[in-house]
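Trainee: If you want the building blocks of each chain, they are given just below.
Protein chains: 2
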Amino acid sequence: MQCVMDSGAEGYDQVESGSITTGASIWVQGVVVESQGSKQKVELKVNKIVLVGKSDPSFPIQKKRASREFLRTKAHLRPRTNTFGAVARVRNALAYATHKFFQENGFIWVASPIITASDCEGAGEQFCVTTLIPNSHETADSPVDAIPKVNNGLIDWSQDFFGKPAFLTVSGQLNAETYATALSDVYTFGPTFRAENSNTSRHLAEFWMIEPELAFADLNDDMACATAYLQSVIRYVLDNCKEDMEFFNTWIDKGIIDRLSDLANRDVVQITYTEAIDLLSRANKKFEFPVKWGCDLQSEHERYITEEAFGGCPVIIRDYPKDIKAFYMRQNDDGRTVAAMDMLVPKIGELIGGSQREERLEYLEARLDDLKLNKDAYWWYLDLRRYGSVPHAGFGLGFERLVQFATGMDNIRDAIPFPRTPASAEF
Amino acid sequence: MQCVMDSGAEGYDQVESGSITTGASIWVQGVVVESQGSKQKVELKVNKIVLVGKSDPSFPIQKKRASREFLRTKAHLRPRTNTFGAVARVRNALAYATHKFFQENGFIWVASPIITASDCEGAGEQFCVTTLIPNSHETADSPVDAIPKVNNGLIDWSQDFFGKPAFLTVSGQLNAETYATALSDVYTFGPTFRAENSNTSRHLAEFWMIEPELAFADLNDDMACATAYLQSVIRYVLDNCKEDMEFFNTWIDKGIIDRLSDLANRDVVQITYTEAIDLLSRANKKFEFPVKWGCDLQSEHERYITEEAFGGCPVIIRDYPKDIKAFYMRQNDDGRTVAAMDMLVPKIGELIGGSQREERLEYLEARLDDLKLNKDAYWWYLDLRRYGSVPHAGFGLGFERLVQFATGMDNIRDAIPFPRTPASAEF
Numbered sequence: 001m002q003c004v005m006d007s008g009a010e011g012y013d014q015v016e017s018g019s020i021t022t023g024a025s026i027w028v029q030g031v032v033v034e035s036q037g038s039k040q041k042v043e044l045k046v047n048k049i050v051l052v053g054k055s056d057p058s059f060p061i062q063k064k065r066a067s068r069e070f071l072r073t074k075a076h077l078r079p080r081t082n083t084f085g086a087v088a089r090v091r092n093a094l095a096y097a098t099h100k101f102f103q104e105n106g107f108i109w110v111a112s113p114i115i116t117a118s119d120c121e122g123a124g125e126q127f128c129v130t131t132l133i134p135n136s137h138e139t140a141d142s143p144v145d146a147i148p149k150v151n152n153g154l155i156d157w158s159q160d161f162f163g164k165p166a167f168l169t170v171s172g173q174l175n176a177e178t179y180a181t182a183l184s185d186v187y188t189f190g191p192t193f194r195a196e197n198s199n200t201s202r203h204l205a206e207f208w209m210i211e212p213e214l215a216f217a218d219l220n221d222d223m224a225c226a227t228a229y230l231q232s233v234i235r236y237v238l239d240n241c242k243e244d245m246e247f248f249n250t251w252i253d254k255g256i257i258d259r260l261s262d263l264a265n266r267d268v269v270q271i272t273y274t275e276a277i278d279l280l281s282r283a284n285k286k287f288e289f290p291v292k293w294g295c296d297l298q299s300e301h302e303r304y305i306t307e308e309a310f311g312g313c314p315v316i317i318r319d320y321p322k323d324i325k326a327f328y329m330r331q332n333d334d335g336r337t338v339a340a341m342d343m344l345v346p347k348i349g350e351l352i353g354g355s356q357r358e359e360r361l362e363y364l365e366a367r368l369d370d371l372k373l374n375k376d377a378y379w380w381y382l383d384l385r386r387y388g389s390v391p392h393a394g395f396g397l398g399f400e401r402l403v404q405f406a407t408g409m410d411n412i413r414d415a416i417p418f419p420r421t422p423a424s425a426e427f
Numbered sequence: 001m002q003c004v005m006d007s008g009a010e011g012y013d014q015v016e017s018g019s020i021t022t023g024a025s026i027w028v029q030g031v032v033v034e035s036q037g038s039k040q041k042v043e044l045k046v047n048k049i050v051l052v053g054k055s056d057p058s059f060p061i062q063k064k065r066a067s068r069e070f071l072r073t074k075a076h077l078r079p080r081t082n083t084f085g086a087v088a089r090v091r092n093a094l095a096y097a098t099h100k101f102f103q104e105n106g107f108i109w110v111a112s113p114i115i116t117a118s119d120c121e122g123a124g125e126q127f128c129v130t131t132l133i134p135n136s137h138e139t140a141d142s143p144v145d146a147i148p149k150v151n152n153g154l155i156d157w158s159q160d161f162f163g164k165p166a167f168l169t170v171s172g173q174l175n176a177e178t179y180a181t182a183l184s185d186v187y188t189f190g191p192t193f194r195a196e197n198s199n200t201s202r203h204l205a206e207f208w209m210i211e212p213e214l215a216f217a218d219l220n221d222d223m224a225c226a227t228a229y230l231q232s233v234i235r236y237v238l239d240n241c242k243e244d245m246e247f248f249n250t251w252i253d254k255g256i257i258d259r260l261s262d263l264a265n266r267d268v269v270q271i272t273y274t275e276a277i278d279l280l281s282r283a284n285k286k287f288e289f290p291v292k293w294g295c296d297l298q299s300e301h302e303r304y305i306t307e308e309a310f311g312g313c314p315v316i317i318r319d320y321p322k323d324i325k326a327f328y329m330r331q332n333d334d335g336r337t338v339a340a341m342d343m344l345v346p347k348i349g350e351l352i353g354g355s356q357r358e359e360r361l362e363y364l365e366a367r368l369d370d371l372k373l374n375k376d377a378y379w380w381y382l383d384l385r386r387y388g389s390v391p392h393a394g395f396g397l398g399f400e401r402l403v404q405f406a407t408g409m410d411n412i413r414d415a416i417p418f419p420r421t422p423a424s425a426e427f
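Protein chains in written order, with UniProt numbering: chain A, 1 to 427; chain B, 1 to 427.
The following block holds chain A by itself, in its conformation from the complex:
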């Protein structure tokens, strides 16, 4: 709210003397009155102002527009800008709306583990978590020779904290399945990690994921849940963050309110992967990556589908070739596709990825064999199929992409308070 004061107000001398500078914290007392100006309806007529904390003139964020790159180096001060204040509030609303949606629909929040020594996390790029490296912050004097090794020169993992190599999780899904097959519908909402050296506007080394898992559910239930979830949280933000959304609509991404309102009120298009390939093949457009059945969809393909073929709408693509999808997805009767689905949205690309899980023990074991994965490592995951298996399905959503989708922020590093990327983990 705009504050207006005249020379009669208590403390006005501080304002006049210039001791209240950018970044200062103040305490004001006054009366809310109808505004004289045209920019706002009401303003605060100040009776008294107190300087609570003065700000050194070196305050690094000046009133003129600072670049986003520069602001990332001031991640401790950037929430004081109107853009990052708005991002923080919308992010908060999306998080709370997520909990509300799942809780009101009977889902239980499960804390999937962050550190894991389980062998079934797959061979993705993971961060190692260890106490073998002498971890002195102050000196970083860590001689390589101090790391314990066994006779042949290999690291002696038995001396590590967990007694074996341990990593940061890339997904809580497999753990969530253990709870879904015990207690019915559950969801996770926690941090996950990728040690990929991707310095792009789309990747973070540390990001938050939401992973619901539905018991006694198939792919149709899964797609319905993903759609209802997305519509629910978007509606919540539109209803509860009006001022911030007006800000984004004016300054960051014109038209975003209309686009989101539209999404919140209509069905999401569903097509099969095979239909998507047909559509791309018939497109009057030259793609860098050629399209043929069996190929992974690239960004350019996803953009064409959501932005051109379906005019800016989210689109769910289902039933992907099994060879481009994960081992745990349920095989369809055609023998060549799996019950997988991705929800694509304009600008972001894949926002949600999910599947029905293979609940049949013999199919799952055969698939692990096909992929030359070690079945022993998956003992507990297979147990879920051995003891009272149920059809179940779920999806994962990268929370920072949802924040981008709802705010129009271009770079994912601006959708999380303290972004972690290659060579950057300050603050």
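Please keep in mind that the hints were generated in silico from the structure rather than gathered at the bench. Computed from a predicted structure; not experimentally measured. Be a bit skeptical, because a hint or two may be false.
Intra- or inter-copy, both count: the list cannot distinguish identical chains.
What the hints assert, rightly or not - Computed cross-link-like contacts, DSS-like style, restricted to lysine-lysine with a CA-CA straight-line distance of at most 27 Å: (1) Lys254 with Lys41; (2) Lys39 with Lys242; (3) Lys100 with Lys242; (4) Lys325 with Lys254; (5) Lys347 with Lys325; (6) Lys372 with Lys325; (7) Lys164 with Lys149; (8) Lys74 with Lys164; (9) Lys372 with Lys74.
Model the placement of chain B on the given structure of chain A, informed by the hints.
Mentor: This is chain B only, laid out in the frame that chain A set:
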């Protein structure tokens, strides 16, 4: 709900043939009727039963009582037991009640970072997060010699993912302060880590913390918030998890419902540290650790205060000697104590620890000097005092201890789905 069926029901032959064994998943259809027995009011009269997923006879959790230790080795199946199902539901209710309490009071949820290369995390026992160690899960063939080093044999951190040593966070507080001094009240709710080799029933290497941070607030506001928070989430669980709380009251911790109800409805006792020392000195009791002003309170002291001196009530102790508390706590006018507070509860000990933060730049810098901490490392934390400082305060609460407090579960490893402790990070 108890299911009752007679031989006329469809699918009864499966029951009779013994193919529905412990662990199996079934689908039943029937009519809810008044119960013939005395144990429940209603029961389901089954018309049709379908075996959805059979259970191998090797199902490891038999109907007879399994030990908690054994169940920890079956963390993927233990949520199917009534105890761990109830723990999961109460844990979920506490988490949601936490979000509800803070959201309804205008706090914003902030994701504090998990990985941090910041030098001001302090010298606690931290896990190192690295990609320098060749992280092959399948072979664990990681030669020590493959770790890059500089000429003098030290680890070459410049080649690590973040370009310097990085660790798992021990607290989100300092980061939360950056948002509280920008946007007013905030809270974190996320995982934190300790690499302490403590194999006890009270410690986890990975646990969830809730850390609210209040702007324009002092220690009294902080204690009032902590009390209101705790009462609110306990009331929520009593209101929303009646059946599970009856279960705990009957089987795990007799009287827990009365104790929690009592807490939810009355003020928490507040005493100063100096008063606590007096009280302990006058106690007609021999302590293993002698009591004198300036000492840290041990478990035996905390237990005496909450369980004996105040008859099983939570007690807040405030104004601790500055030398046993953290650098960031606000110095009191007496020059020897700080505006810190701990809430102690019966059986658990410290459930909440908080403080008013030192918002005065010169005091904070002097304290860092006293403790021979490197001020440069704290540049961004000091910036919060340099640019528009405000009085602020906050607290931290270990979520698993709250789960123990609300359920009566003895061991903290049974208060989280997949506990991480020395030599154990399975699943």
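Trainee: Hint by hint, say whether it matches the structure.
Mentor: For each hint, the structure was consulted:
In this assembly of identical chains, Lys254 and Lys41 lie within 27 Å of each other by CA distance solely inside one copy; the values are 23 Å within and 59 Å between copies. Taking the shortest alpha-carbon separations for Lys39 and Lys242, only the intra-copy value of 16 Å comes in at or below 27 Å, while the best inter-copy value is 52 Å. For the homomeric pair Lys100 and Lys242, the shortest alpha-carbon distances inside one copy (19 Å) and between copies (21 Å) are both at most 27 Å. In the homo-oligomer, the alpha carbons of Lys325 and Lys254 never lie at most 27 Å apart, since the shortest distance is 36 Å inside one protomer and 50 Å across protomers.
In this homomeric assembly, Lys347 and Lys325 come within 27 Å of each other (Cα to Cα) only inside a single copy, at 23 Å, whereas the closest approach across copies is 49 Å. Proximity of Lys372 and Lys325 under a CA criterion of 27 Å is satisfied intra-copy only: 15 Å inside one chain copy versus 54 Å between copies. In this assembly of identical chains, the alpha carbons of Lys164 and Lys149 lie at most 27 Å apart whether taken from the same copy (13 Å) or from different copies (23 Å). Taking identical chains as interchangeable, the C-alpha atoms of Lys74 and Lys164 lie at most 27 Å apart only when they sit on different chains, with a minimum of 19 Å there against 38 Å within one chain.
Only between protomers do Lys372 and Lys74 lie at most 27 Å apart by alpha-carbon distance; the minimum there is 26 Å, versus 47 Å within a single protomer.
Of the numbered hints stated above, the single one contradicted by the structure is hint 4.
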